[in-house]
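A.B. asks: Dock chain B against chain A, hints included.
In the order they appear, the protein sequences are chains A and B.
For the first sequence, the working numbering begins at 1 and goes up steadily by one.
For the second sequence, the working numbering begins at 1 and goes up steadily by one.
A couple of the hints might just be wrong.
To be verified - Calculated lysine-lysine pairs in the PhoX-like style (CA-CA distance at most 25 Å, straight line):
1. A/Lys57 with B/Lys102
2. A/Lys57 with B/Lys53
3. B/Lys54 with B/Lys102
4. B/Lys97 with B/Lys53
5. B/Lys68 with B/Lys102
Unchecked claim - Label-pair distances were calculated between CB atoms; the ranges are:
6. A/Met27 with B/Asn2: 26 to 36 Å
7. B/Ser51 with A/Ile12: 38 to 48 Å
8. A/Gly16 with B/Glu92: 34 to 44 Å
9. A/Thr110 with B/His38: 19 to 29 Å
10. B/Thr12 with A/Ala69: 28 to 38 Å
11. A/Pro83 with B/Thr75: 38 to 48 Å
12. A/Thr5 with B/His38: 16 to 26 Å
13. B/Gln9 with A/Thr9: 25 to 35 Å
14. A/Ile12 with B/Gly28: 22 to 32 Å
15. B/Lys53 with A/Val82: 41 to 51 Å
To be verified - Here's a subset of chain B near chain A, in silico, CB distances under 10 Å, partners left out:
16. Phe18
17. Val27
18. Lys53
19. Ile86
20. Phe100
Quick caveat, the hints were computed from the structure, so don't treat them as lab data.
Heads up, the beta-carbon is just placed ideally off N, CA and C, and yes, glycines get one too.
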Amino acid sequence: IAGITQAPTSQILAAGRRMTLRCTQDMRHNAMYWYRQDLGLGLRLIHYSNTAGTTGKGEVPDGYSVSRANTDDFPLTLASAVPSQTSVYFCASSAAPGRIYTFGSGTRLTVV
Amino acid sequence: KNEVEQSPQNLTAQEGEFITINCSYSVGISALHWLQQHPGGGIVSLFMLSSGKKKHGRLIATINIQEKHSSLHITASHPRDSAVYICAVRPEQGDDKIIFGKGTRLHILP
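Okay, chain A solo, but in the shape it has when bound:
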């Protein structure tokens, strides 16, 4: 696949439901990130992982959780979706923290 794969590409979700956004990379990058992109606010970091087995909170972590069981996968879970989580979600990776990013194609999530 040579890059980052995000799934699903889009989703409409009822409020209160649980949802996991998937992110897989095949570049053996150490660092991975989840961002949300909202009109007028730009990209905001939700959670990150500098290496497999570690995670950290970003700027807007509330309502979201992540895990990094291995190098390739970095799923983002919304435990109980709310309408304010309607956004476009981007997963990204880099060989090391702060290095050039590779982005996934995004997941457009609508919570109704």
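C.D. replies: Leaving out everything else, chain B in the frame of chain A:
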């Protein structure tokens, strides 16, 4: 105050014009990134630089560390250059997290 400010927010130009997008930041940095996002599309890294100038095709990125300022130039602009251009910085201090600007929306008219 945002730590990364871009100007202009929106820019419309005619095909062939020379384009400049500016990025100013308020923290000491170890690297600055320029990214491109096409409408409805993904995000692509264009440049990462920590000093001087880099060129790739019709795109040129410059940075002045002392003035905390970077510019992205596009020569002989083309409608396919229409996109959002995002500046991002890696602060010297802290936990390596990159800070993004809000982007400059560029529209090149044929």
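A.B. asks: So, for every hint listed, does it hold in this structure?
C.D. replies: How the hints compare with the structure:
1. Of the pairs offered as hints, the one joining lysine 57 of chain A and lysine 102 of chain B holds, with about 21 Å between alpha carbons and a cut-off of 25 Å not exceeded.
2. The straight-line distance between the Cα atoms of lysine 57 of chain A and lysine 53 of chain B is roughly 33 Å, outside the 25 Å bound, and the hint therefore fails.
3. Of the supplied pair hints, the one linking lysine 54 of chain B and lysine 102 of chain B holds, its CA atoms being roughly 22 Å apart against a limit of 25 Å.
4. A distance of roughly 23 Å separates the Cα atoms of lysine 97 of chain B and lysine 53 of chain B; the hinted pair therefore holds under the 25 Å criterion.
5. With a C-alpha separation of about 17 Å, the suggested pair lysine 68 of chain B and lysine 102 of chain B falls inside the 25 Å cut-off, and the hint holds.
6. Separation of methionine 27 of chain A from asparagine 2 of chain B is about 31 Å and conforms to the stated range, judged on CB atoms against 26 to 36 Å.
7. Serine 51 of chain B and isoleucine 12 of chain A have their C-beta atoms about 46 Å apart, which keeps the hinted 38 to 48 Å range intact.
8. Range check, glycine 16 of chain A to glutamate 92 of chain B: about 43 Å between beta-carbon atoms, so the 34 to 44 Å window is met.
9. Here the CB-CB span from threonine 110 of chain A to histidine 38 of chain B is close to 21 Å, well matched to the stated 19 to 29 Å.
10. For the pair threonine 12 of chain B and alanine 69 of chain A, the supplied restraint of 28 to 38 Å is violated, since their beta-carbon distance comes to about 47 Å.
11. Distance hint check: the CB atoms of proline 83 of chain A and threonine 75 of chain B are about 44 Å apart, consistent with the given range 38 to 48 Å.
12. For the pair threonine 5 of chain A and histidine 38 of chain B, the supplied restraint of 16 to 26 Å holds, since their beta-carbon distance comes to about 19 Å.
13. Taking the beta carbon of each, glutamine 9 of chain B and threonine 9 of chain A are about 28 Å apart, inside 25 to 35 Å as hinted.
14. Taking 22 to 32 Å as the suggested C-beta distance range, the pair isoleucine 12 of chain A and glycine 28 of chain B does not conform, at roughly 43 Å.
15. Lysine 53 of chain B and valine 82 of chain A have their C-beta atoms about 45 Å apart, which keeps the hinted 41 to 51 Å range intact.
16. With a least beta-carbon distance of about 26 Å to chain A, the hint placing phenylalanine 18 of chain B at the interface is violated under the 10 Å criterion.
17. The interface hint given for valine 27 of chain B is broken, as the beta carbon of that residue sits about 13 Å from the closest beta carbon of chain A, more than 10 Å.
18. Because the closest C-beta pair between lysine 53 of chain B and chain A is about 17 Å apart, greater than 10 Å, the hint is violated.
19. For the restraint placing isoleucine 86 of chain B at the interface with chain A, the shortest Cβ-Cβ distance is roughly 7 Å, inside the 10 Å limit, so the hint holds.
20. Using the Cβ-Cβ criterion of 10 Å, the hint placing phenylalanine 100 of chain B at the interface with chain A is satisfied: the shortest such distance is roughly 4 Å.
Hint compliance for this structure: hints 2, 10, 14, 16, 17 and 18 are broken, all remaining hints hold.
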